[in-house]
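Order-wise, the sequence lines are chains R and F.
Per the numbering used here, residue 1 is the first one in the first sequence, and the count goes up by one each step.
Per the numbering used here, residue 263 is the first one in the second sequence, and the count goes up by one each step.
Simulated from the structure, these hints should not be mistaken for laboratory data.
Yeah, the Cβ is synthetic: ideal placement off N, Cα and C, and Gly gets one too.
Some residues of chain R that are not near chain F, with every Cβ distance over 10 Å (derived): (1) Lys52; (2) Pro81; (3) Ile195; (4) Val200; (5) Phe221; (6) Glu222; (7) Thr227; (8) Asp233; (9) Val234.
To give an idea of the interface, some chain F residues facing chain R are shown, with a C-beta separation under 10 Å as derived from the structure: (10) Val293; (11) Phe301; (12) Gln319; (13) Met393; (14) Arg442; (15) Lys449.
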Amino acid sequence: MTYETEKLINCSEFEEFLTDYLDNNLDRQTHKQVAAHALLCPLCHALLNEVKDAVKICHEISAPKTSFVKLEARILSMTAPQTAMACADFEEHLTDYLDGFLPAPVFHRWERHAVLCEKCTDLPGEVVRSIAACYTYKMDELPIPAGLHAKILQATIGTEKAQNVRASWTLNWIEWIRGLSFPISIPQFAPVAMIMIFAVLIFSQTVSADGSISGMYQKSFELAGQTYKQGADVVLGGETIKQKLNQESVNGTFVNDEEEKR
Amino acid sequence: MEALKATATINGAELVRRCRAGDGAAWEEIVTTFSRRIFNLAYRFTSSTEAAEDLTQEVFIRIYRTLDQYDAKQGDLANWLMRLARNLVIDDYRHRQRNPQNSFADDVEDHTFHLHAVGSSAQKDLERREMAKQVQEAIDKLPMDLRTCVILRDIEELTYQEIVDVLKIPEGTVKSRINRGRIELAKILRRMKVVSM
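Please build the complete structure, drawing on both the sequences and the hints.
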């Protein structure tokens, strides 16, 4: 108890510490002493409450409710009326404002007009609400009238029972082929492909007698075999050569008449 | 919304291939998937269920005849189909505006009972119906050029470039018409006390 009494402060000390107490700038021990004194002394308690109220009122006065945008707009409209925006311009820029595409100088002039002009001040909100009404309207889609599907099917495929209309095998196959994409995806390769096709066609048509590549190889083998036999006959005797020369020539070869006379 | 979800899952190229081959079931699938969307698009321009029904049927006949022109490489089926539908509906709308005796905008009130909201209370349902009716009435009051742009932008949710492609007018004109259309719509809805502060 003695200890507690020793720690108490008097009224003049209370007043001295009051501001720091309200600003929470006292050390813990002193703060406790000031609080204890306020509880014990009714005069100092009343003083504390008065000061608290006064500080609160001062804060309210220093932060006025008036919008600075409106104040700024009023000042500018009186001092620099040339920067004000006309109602027609305000409406013209409304969608750009909502889309966020207004450049900064126009943006500020637009906002100032929105604050000051009584005729236009509600318009942006109303436009936003009407857009929202359109979206709501969109969500409430009308159902399809009864019988419309049947009418459409009758008008297009000639029957309401679409399940009975089957695709023919041939048409299915044709559509499947149609759906395939050409393997050469780079257009520059198309002329090269065409040249190659022509080269193969010309080569096969001119070299082979029957117009096919396989025929060309077959004839080549026959010619090679015949040449081999002729060479073998030369080794064996002249009569055989004459006999063989009378044979029909293979396509792509010729028989030398002078050699035959000899 | 169910139709929108369904369109995302179907294989458009395969469906069209089967349709071209003469498969009735494939064509029926296309009709069921897209008919509601196209019907609603037509209704927004005609404000009449009968006219929207006829227009939807015409659109599908045209789609059926032009299926050969669909190329899967140039976009999915939903985009191609809706682009075609939009062009036809707008052409029809322009034609009717030039010939006012063909106008159908007379039965908005009679047909709004079709609007429904699954899972909402009766009161909310009623409010939404009323709201939808008023929005359609307000849209009907817009001039033709503004109305087209507002529907395409704020209901069909097309981009500016897509609207340019559909209407074949400069982007600046599209933006200006959307802006003017929105303001006019907001003013009409304010007079109707649908939107107010």
